[in-house]
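Fit chain B to the known structure of chain A by using the hints.
Protein chains in written order, with numbering that gives the first Met the number 0: chain A, 0 to 270; chain B, 0 to 244.
All the pointers check out, no bait thrown in.
So the derived list for chain B, only partly shown, Cβ under 10 Å to chain A, looks like this:
hint, residue
1, Gln-142
2, Ser-146
3, Met-147
4, Pro-164
5, Ala-165
6, Leu-167
7, Pro-168
8, Trp-241
9, Leu-244
Because the hints were derived from the structure by calculation, they are not lab data. All C-beta atoms, glycine included, are put in the ideal place defined by N, C-alpha and C.
Here's the letter readout for the chains.
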Amino acid sequence: MPDVDLLNVGVDYEHLGRTVTALDGVDLHVPAGDALAIIGPSGCGKSTLLYTLSGLIKPTRGSIRIDGDELQGQRLQTALILQDYGLFQWNTVFDNAALGLRVRHIPKGQIKERVGKILKRLGLWEMRDRYPGQLSGGQRQRVAIARSLSLEPDLLLMDEPFSSLDALTREELQNTVLDIWLERKTNGKVKVDGNGNGHLPGTLTVVLVTHSIEEAAFLGRRIAVMGINPGRITSMVDNEEMGEADYRNTPGFYDHCAKLRGMLKDGVRVG
Amino acid sequence: MDKARGYVGATVGLFVIWYALAATFKLQALPSPVIVFADFFRLLPGELSRHFAISLYRVLVSTALGMVLALPIGLVLGREERLDRFFAPLIFILYPIPKVVFLPVFLFLLGIGDVSKIVLITVIVFFQILVTTRDAAREIPNQSIMSMQSLGATKWQIYRHVIYPASLPKTFTAIRIASGTAIAVLFFAESFATEEGLGYFIMDAWSRFNYADMFGGIVAMAVMGLLVYELLELLESRLCPWSKL
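Isolated chain A (complex conformation) (with noise of 0.2 Å):
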């Protein structure tokens, strides 16, 4: 199971020949099996850190362990989610969902069982042949959804996956990662053994960069709360209450949001 450890990680780019850094002095520790969600100011770094973390940014300084193991590189078990341009629209929603497990050669058979389940999970079977120029944007994130489920990834990155969905289809996305997220988890507390029976294994580790205070409240079990110039992590927020039932409707998960906007003013105050 990925814990995930960063250490002092900072990430320098350039540009215009001038080095500016993205981000600086990052410590995190996320167990695995939690949810934290990322908030901060736009150009705090936060989706350099997601993408650090992903494998496809190198830190210009610091380390990244997962699992105990220093990152190089993509790791098979991370799965990213992108806001736009994840999915490709000459591919059809199965090909596009299929799109990881074709790449890494996984048996014709195999794929189209695999997905087959995933799909019809998330209720786009019936949209199967479709391409992304047809379907809703919501529609279109289930499948970005489906293909990352389809890798049966441990740690699950996700880039401001909805923000740019209006707000039901938004909830309604984010009851989903929760409902994945949860049943991971109950099944990871189960431990069932490799019999091969499509169950997913373990608990899923979710990592997940918004600028939406409803959702870091929603989806984060722990909020990280970053500032700007340059980018680093200013306060960390439990959120123990995250994921009980109807948890959007209840006062604490307002009282999260109220202390979140609270740290978010005073953060930029500050910068």
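Quick look at chain B alone, frame taken from chain A:
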């Protein structure tokens, strides 16, 4: 079916305009379409279809060659900055040169047969497709590439699953435009040192002041252009079915 009806309508429309113009000006050099089409169908079974076939062959081979060469090179230059930095200046120096001026060189080096004509058209079509494909590949959003990388794709798989299909619709637009250029260049190339092809047929009829034959050849050329265009449509709907949704 709608398309076929459109073509019939357009043909009838052109026929009427042409008829009116011919009847108004009564020029020897602009014969009535009634005479031209009678001549066209008289010549079609024999001589004209031979010239038609040769011209079509030259256009198709050179367009296909231009596409097959320009597509991979364009994709790679669009994505590999280091190669592009080296080759892009070369391309943009050569691109605007009117390549038809090299016909004498090609005739000298490659003979007066099909090869010199095909090479000339290929070179012209190649540059048009190359420049568009390179730009299309450059414009692919970084997120698309990252999303593919995050799945664990190799460089080859990124080309195969993202860069190639993302650029293809724009490449087809370039090919369609280039096919028009190809036919125009073909006409030019066939009016020198050859006795085969629609270009020769038209120029020969002209030199004999046989305007009915000349316009028959022009009609054949229009039909050929249409055929090439429709072939490209068919190929595009096969290779990128998503682009017409």
